[in-house]
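Peer 1: Chain by chain, the residues run as shown.
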Amino acid sequence: MNSVVSASAAAALPQADEVVRLKDVKRRFGTTPALDGVSLTVRKGEILGIIGRSGAGKSTLIRCLNGLEQTDSGEIHIEGRSITGLSEKDLQPLRRRIGMIFQHFNLLSAKTVEENVALPLKIEGLGKTERLKRAAELLDLVGLSDKAKAYPSSLSGGQKQRVGIARALAARPALLLSDEATSALDPETTRSILALLKDINRKLGLTILLITHEMEVVRSVADRVAVIDAGRIVEEGQVWSVFADPQAPITQSLLSGIRPQLPDTIAARLSRVAGTEQILSIDMAGPAAQGALFADLSQALPQSFRLVHGGIDHIQDQPVARFFIAVPTRDAALPEQVQNFLKARGARVEVLGYDANHA
Amino acid sequence: MTPIMLELLFRSLWETILMTGASGLISLVAGLPLGLALVATSRGGIAEKPWLNSLLGAIVNGFRSVPFIILLVALIPLTRLIVGTALGTWAAIVPLAIAATPYYARIAEVSLREVDRGLIDAVRAMGGNRWTIIREVLVPEALPGIISGFTVTLVTLVGASAMAGAIGAGGLGDLAIRYGYQRFETTVMIAVVIVLIILVCGIQWLGDRLVARLDHK
Numbered sequence: 001m002n003s004v005v006s007a008s009a010a011a012a013l014p015q016a017d018e019v020v021r022l023k024d025v026k027r028r029f030g031t032t033p034a035l036d037g038v039s040l041t042v043r044k045g046e047i048l049g050i051i052g053r054s055g056a057g058k059s060t061l062i063r064c065l066n067g068l069e070q071t072d073s074g075e076i077h078i079e080g081r082s083i084t085g086l087s088e089k090d091l092q093p094l095r096r097r098i099g100m101i102f103q104h105f106n107l108l109s110a111k112t113v114e115e116n117v118a119l120p121l122k123i124e125g126l127g128k129t130e131r132l133k134r135a136a137e138l139l140d141l142v143g144l145s146d147k148a149k150a151y152p153s154s155l156s157g158g159q160k161q162r163v164g165i166a167r168a169l170a171a172r173p174a175l176l177l178s179d180e181a182t183s184a185l186d187p188e189t190t191r192s193i194l195a196l197l198k199d200i201n202r203k204l205g206l207t208i209l210l211i212t213h214e215m216e217v218v219r220s221v222a223d224r225v226a227v228i229d230a231g232r233i234v235e236e237g238q239v240w241s242v243f244a245d246p247q248a249p250i251t252q253s254l255l256s257g258i259r260p261q262l263p264d265t266i267a268a269r270l271s272r273v274a275g276t277e278q279i280l281s282i283d284m285a286g287p288a289a290q291g292a293l294f295a296d297l298s299q300a301l302p303q304s305f306r307l308v309h310g311g312i313d314h315i316q317d318q319p320v321a322r323f324f325i326a327v328p329t330r331d332a333a334l335p336e337q338v339q340n341f342l343k344a345r346g347a348r349v350e351v352l353g354y355d356a357n358h359a
Numbered sequence: 001m002t003p004i005m006l007e008l009l010f011r012s013l014w015e016t017i018l019m020t021g022a023s024g025l026i027s028l029v030a031g032l033p034l035g036l037a038l039v040a041t042s043r044g045g046i047a048e049k050p051w052l053n054s055l056l057g058a059i060v061n062g063f064r065s066v067p068f069i070i071l072l073v074a075l076i077p078l079t080r081l082i083v084g085t086a087l088g089t090w091a092a093i094v095p096l097a098i099a100a101t102p103y104y105a106r107i108a109e110v111s112l113r114e115v116d117r118g119l120i121d122a123v124r125a126m127g128g129n130r131w132t133i134i135r136e137v138l139v140p141e142a143l144p145g146i147i148s149g150f151t152v153t154l155v156t157l158v159g160a161s162a163m164a165g166a167i168g169a170g171g172l173g174d175l176a177i178r179y180g181y182q183r184f185e186t187t188v189m190i191a192v193v194i195v196l197i198i199l200v201c202g203i204q205w206l207g208d209r210l211v212a213r214l215d216h217k
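Going down the list, the sequences are from chains C and E.
Under this note's numbering, the first residue of the first sequence carries the number 1, and numbering increases by one thereafter.
Under this note's numbering, the first residue of the second sequence carries the number 1, and numbering increases by one thereafter.
If we strip away everything but chain C, and leave its shape as in the complex, we get:
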């Protein structure tokens, strides 16, 4: 799936399994557009990751979905209902269908953990016994039953976010919004929080929309990813396919820390002038990446390449491979043969340049 397909899907009539549908949503602050015509759909039960640099408009986007932020134009449908132009009062029942977790947790310091979790139910008008019973269930779900009577200040960051998640789930929402929920946490805690979100997604079939600036977050939990830059969605698709073949420069740049890159020492020596070795990058993903590529290559063309760097990652159970190889140029026809072999096997091959200094 690519962005063209989903843009036309967004323009079509709302479908039953769409939890969120945005059409050409615009919002500007002063003269700078924060959202510059965003169209997007989130389907029931999926985890959509929206990634972008800070200032790309992702926070504004997520806050528009529950009306914390106003839009200038465009349409937002939540579970088939249009929310644009609704008054604060009309937004209130709708917000109870949407849970939200925050980067800085936003727990009320004057309330105990269970009171925090029970607050959405208090707003809904549920009685105290029922509220606390449900809060206990949720604290059990997030593994914090023993902290029910504690105050948030005595918890660690990861525990606070677990309370935040329990609170967001209290009113049995149809959608969970995650606003940089792991950005204030250390890598280990981040992993445990993401695992919890994935677990909840599977167990409860909960639809999750998360925004982040970290590709690692998208990689580990999202089903689909949308890349936002300067208030526009520049790329969208299955996580593994976007990771395998990023189109937009911003996506490539966001992925640079997480995909194998040509080692600096070689990159520094690289030249356009023909040298002793040609450096190639090889990208393969999905079924194409499952064969014994290099074994076959060395059998077909013996001594035709040297492996420089790379690896195979598994995203959504799909292999995503990226390698760098050096092909000797002593036989002038060899680089061409290697490239043709790889292309025939479904790889994307790019000539990066020549390494003159390698002995």
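Derived by calculation from the structure, the hints in this document are not laboratory data.
These figures come from a predicted structure and were not determined experimentally.
All residues carry an ideal CB built from backbone N, CA and C; glycine is no exception.
Errors might be hidden in some of the hints.
Within a straight-line C-alpha distance of at most 25 Å, the following computed DMTMM-like cross-link-like pairs (lysine to aspartate or glutamate) qualify [unchecked claim]:
1. K149/C - E48/E
2. K147/C - E48/E
3. K111/C - E7/E
4. K147/C - D186/C
5. K217/E - E88/C
6. K89/C - D208/E
7. K26/C - E114/E
8. K149/C - D116/E
9. K149/C - D121/E
10. K89/C - D215/E
11. K217/E - D186/C
12. K111/C - D121/E
13. K49/E - D90/C
14. K128/C - D121/E
15. K147/C - D116/E
16. K89/C - D121/E
17. K49/E - D24/C
18. K49/E - D186/C
19. K26/C - D121/E
Which chain E residues stay away from chain C? Per the calculated CB distances, all over 12 Å, these [stated by the list, open to error]:
20. S42
21. V60
22. G128
23. L143
Using the hints, position chain E against chain C.
Peer 2: This is chain E only, laid out in the frame that chain C set:
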């Protein structure tokens, strides 16, 4: 110190406690909503109304800029209307409360303004209305500041009540002026000062204890 002087000292202490306590309570009941209104109507507040905010701000500043001794005299007609007399301890409570209310409103405003906006967002995102935000977020989260601000107001009222002697309200300050200062009775002066120190320390101690118990930050 004679038994009569001792009795006078206790009577004055009671008058001070009465004046401070009653006017303090009124300033809490009236000043907290006023402080909430100042925060809620301000730019970016939960009930943004700039004109109302300016109006309230001007009224608060107006009352706060009048020296208390002038307010005491200027409010005599109002005092007479409410209490029935312009003289005595009860009569002093009216101008004291009117002076303390805008003072306390500003202190409460500062505490309420410091409540993290993210918490308000969180409760809005849950579907809470303005009333929920006030009841579940603003007041409970600002409570330590609201209480310690009230302590400050009470101590200020102890000082201000000394001036209420001008309308025959009695109290410790009045005792110190009439006996200690005007009659050169140093013992009375010292006794009054000691009692005032104990009173102020007691109020502060109680306030601090309460804040320590309520603060979970």
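Peer 1: Could you run down the list of hints and mark each one as holding or not?
Peer 2: Now the hints, each set against the structure:
no. : hint            : in the structure
1   : K149/C - E48/E  : violated (36 Å)
2   : K147/C - E48/E  : violated (38 Å)
3   : K111/C - E7/E   : violated (48 Å)
4   : K147/C - D186/C : holds (21 Å)
5   : K217/E - E88/C  : violated (30 Å)
6   : K89/C - D208/E  : violated (40 Å)
7   : K26/C - E114/E  : violated (32 Å)
8   : K149/C - D116/E : holds (23 Å)
9   : K149/C - D121/E : holds (24 Å)
10  : K89/C - D215/E  : violated (32 Å)
11  : K217/E - D186/C : holds (22 Å)
12  : K111/C - D121/E : holds (16 Å)
13  : K49/E - D90/C   : holds (21 Å)
14  : K128/C - D121/E : holds (24 Å)
15  : K147/C - D116/E : holds (23 Å)
16  : K89/C - D121/E  : holds (15 Å)
17  : K49/E - D24/C   : violated (31 Å)
18  : K49/E - D186/C  : violated (42 Å)
19  : K26/C - D121/E  : holds (21 Å)
20  : S42             : holds (17 Å)
21  : V60             : holds (27 Å)
22  : G128            : violated (5 Å)
23  : L143            : violated (6 Å)
When the structure is compared with the earlier hints, violations turn up for hints 1, 2, 3, 5, 6, 7, 10, 17, 18, 22 and 23 and for no others.
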